[in-house]
Amino acid sequence: MAHFKTGTSDKSSETDVATVLATTLLEAELYFDDGIQQCVSKAWITTQVRNWNAEVPELAVGDVVVAHFKRPGNHCRSVQTDRGIILSNLPKGQVSIMFQDDITQVIPKGWIEATVTRWSGQREKLAQDPGAGVDRPGACRPERSMPVAHVKEECVICMDAKPNGVIVHGETCHQSTCIACAKRLQSQGDPCPICREPIETVCKHHGQGP
Numbered sequence: 001m002a003h004f005k006t007g008t009s010d011k012s013s014e015t016d017v018a019t020v021l022a023t024t025l026l027e028a029e030l031y032f033d034d035g036i037q038q039c040v041s042k043a044w045i046t047t048q049v050r051n052w053n054a055e056v057p058e059l060a061v062g063d064v065v066v067a068h069f070k071r072p073g074n075h076c077r078s079v080q081t082d083r084g085i086i087l088s089n090l091p092k093g094q095v096s097i098m099f100q101d102d103i104t105q106v107i108p109k110g111w112i113e114a115t116v117t118r119w120s121g122q123r124e125k126l127a128q129d130p131g132a133g134v135d136r137p138g139a140c141r142p143e144r145s146m147p148v149a150h151v152k153e154e155c156v157i158c159m160d161a162k163p164n165g166v167i168v169h170g171e172t173c174h175q176s177t178c179i180a181c182a183k184r185l186q187s188q189g190d191p192c193p194i195c196r197e198p199i200e201t202v203c204k205h206h207g208q209g210p
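Going by the UniProt record's numbering, the sequence shown opens with residue 1, and the numbers climb by one from there.
Worth flagging that the hints you see were computed from the coordinates, not collected in a lab.
All values reported here derive from a predicted model rather than from experimental measurement.
Hints should not be assumed to be uniformly reliable.
The calculated DSBU-like cross-link candidates involving lysine-lysine, where the alpha carbons are at most 35 angstroms apart (straight line), are [stated by the list, open to error]:
1. Lys162 - Lys70
2. Lys92 - Lys5
3. Lys92 - Lys42
4. Lys11 - Lys92
5. Lys70 - Lys92
6. Lys183 - Lys70
7. Lys183 - Lys162
8. Lys5 - Lys70
9. Lys42 - Lys70
10. Lys11 - Lys42
11. Lys42 - Lys5
12. Lys204 - Lys92
13. Lys162 - Lys204
14. Lys11 - Lys70
15. Lys183 - Lys5
16. Lys204 - Lys183
With beta-carbon atoms standing in for the labels, derived distance ranges [unchecked claim]:
17. Met159 - Lys11: 32 to 40 angstroms
18. Ser12 - Glu154: 35 to 43 angstroms
19. Asp10 - Ala114: 33 to 41 angstroms
20. Gln37 - Glu154: 28 to 36 angstroms
21. Leu87 - Val17: 22 to 30 angstroms
22. Ala22 - Lys204: 23 to 31 angstroms
23. Gln188 - Glu154: 15 to 23 angstroms
24. Pro91 - Leu25: 16 to 24 angstroms
25. Met1 - Ala114: 18 to 26 angstroms
26. Cys195 - Lys11: 14 to 22 angstroms
For each residue, glycine too, the CB sits at the ideal point set by N, CA and C.
Work the whole structure out from these sequences, hints included.
Listed below in structure tokens is the structure:
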């Protein structure tokens, strides 16, 4: 939590959540959750909400992670998370990541919630495998083993309730969240968690799932 610069570059009276990108002796470069990036005095930081370095191991290219993404238009941090592959580690605490829908974004490392698959471990196993030559398909690059069909037994947002919420956008719809989370996404202006299309309406599915 940190104060931010107002339109006149003065210190704000309120605070907001931000991710630390880089620090100097007296200042910190912050990426606020509303998509604004600022360099402010370290004295403006009031609370450490999360120690990312202690929770998430060092990232390597090819790692599969669960992360928040930039919402279309305003680059705010999304409420929901999605799986993606680390493409590169960038300066100032950022990474380039390709999400499941093939959208590539540069996001702060602090937006990553967890590591699902460590490509570095797979690379070490391949190095120890005598048959891991250049003629082996996929031996020199990470393999994307992410689901294409979004058939969920639980809500992808709260990971608890059954996905009885139907998110409608244009002539298509997705059923991957509970109705409560679907309504919250719509009210907050978030896109569909599956395809990221703007949500037109949501409804409850009353049928029995498989």
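Verification of the hints:
Only pairs whose Cα atoms come within 35 angstroms are accepted, and Lys162 paired with Lys70 is accepted, the gap being roughly 26 angstroms. A C-alpha spacing of about 20 angstroms is found between Lys92 and Lys5, which places the hinted pair at or below 35 angstroms, so the restraint holds. The straight-line distance between the Cα atoms of Lys92 and Lys42 is roughly 16 angstroms, inside the 35 angstroms bound, and the hint therefore holds. For the hint pairing Lys11 with Lys92, the CA-to-CA distance comes to about 23 angstroms; that is within 35 angstroms, so the pair holds.
At roughly 17 angstroms between alpha-carbon atoms, Lys70 and Lys92 fall within 35 angstroms of each other, so this suggested pair holds. The hinted pair formed by Lys183 and Lys70 meets the criterion: a straight-line CA distance of about 20 angstroms does not exceed 35 angstroms. This hinted pair checks out: Lys183 and Lys162 have alpha carbons roughly 14 angstroms apart, not beyond 35 angstroms. A C-alpha spacing of about 21 angstroms is found between Lys5 and Lys70, which places the hinted pair at or below 35 angstroms, so the restraint holds.
Taking the CA atoms of Lys42 and Lys70, the gap is about 25 angstroms. The hint holds against a cut of 35 angstroms. The suggested pairing of Lys11 with Lys42 holds, with an alpha-carbon distance near 12 angstroms, which does not exceed 35 angstroms. Proposed proximity of Lys42 and Lys5 is supported: the alpha carbons are some 13 angstroms apart, at most 35 angstroms. Between Lys204 and Lys92 the CA atoms are separated by roughly 43 angstroms; this puts the pair beyond 35 angstroms, and the hint is violated.
Between Lys162 and Lys204, the direct Cα distance comes to roughly 11 angstroms. Compliance with the 35 angstroms bound is thereby established for this hinted pair. Restraint check for Lys11 and Lys70: the C-alpha separation of about 26 angstroms stays at or below 35 angstroms, so the hint holds. A distance of roughly 33 angstroms separates the Cα atoms of Lys183 and Lys5; the hinted pair therefore holds under the 35 angstroms criterion. In summary, the hint linking Lys204 to Lys183 is supported, as the alpha carbons are separated by about 10 angstroms, within the 35 angstroms threshold.
In this structure the hint that Met159 and Lys11 lie 32 to 40 angstroms apart at CB holds, the actual value being about 38 angstroms. Restraint check, Ser12 to Glu154: a C-beta distance of roughly 39 angstroms satisfies the suggested window 35 to 43 angstroms. Distance hint for Asp10 and Ala114: a CB-CB separation of about 38 angstroms, consistent with the stated range 33 to 41 angstroms. Gln37 and Glu154 have their C-beta atoms about 35 angstroms apart, which keeps the hinted 28 to 36 angstroms range intact.
Between Leu87 and Val17 the C-beta distance comes to about 26 angstroms, which sits within the given range of 22 to 30 angstroms. Separation of Ala22 from Lys204 is about 46 angstroms and departs from the stated range, judged on CB atoms against 23 to 31 angstroms. Taken as a hint, the range 15 to 23 angstroms holds for the pair Gln188 and Glu154, whose Cβ atoms sit roughly 21 angstroms apart. For the pair Pro91 and Leu25, the supplied restraint of 16 to 24 angstroms holds, since their beta-carbon distance comes to about 18 angstroms.
For Met1 and Ala114, the hinted distance range of 18 to 26 angstroms is satisfied, since their beta carbons lie about 22 angstroms from each other. In this structure the supplied range 14 to 22 angstroms is violated for Cys195 paired with Lys11, their Cβ-Cβ distance being about 40 angstroms.
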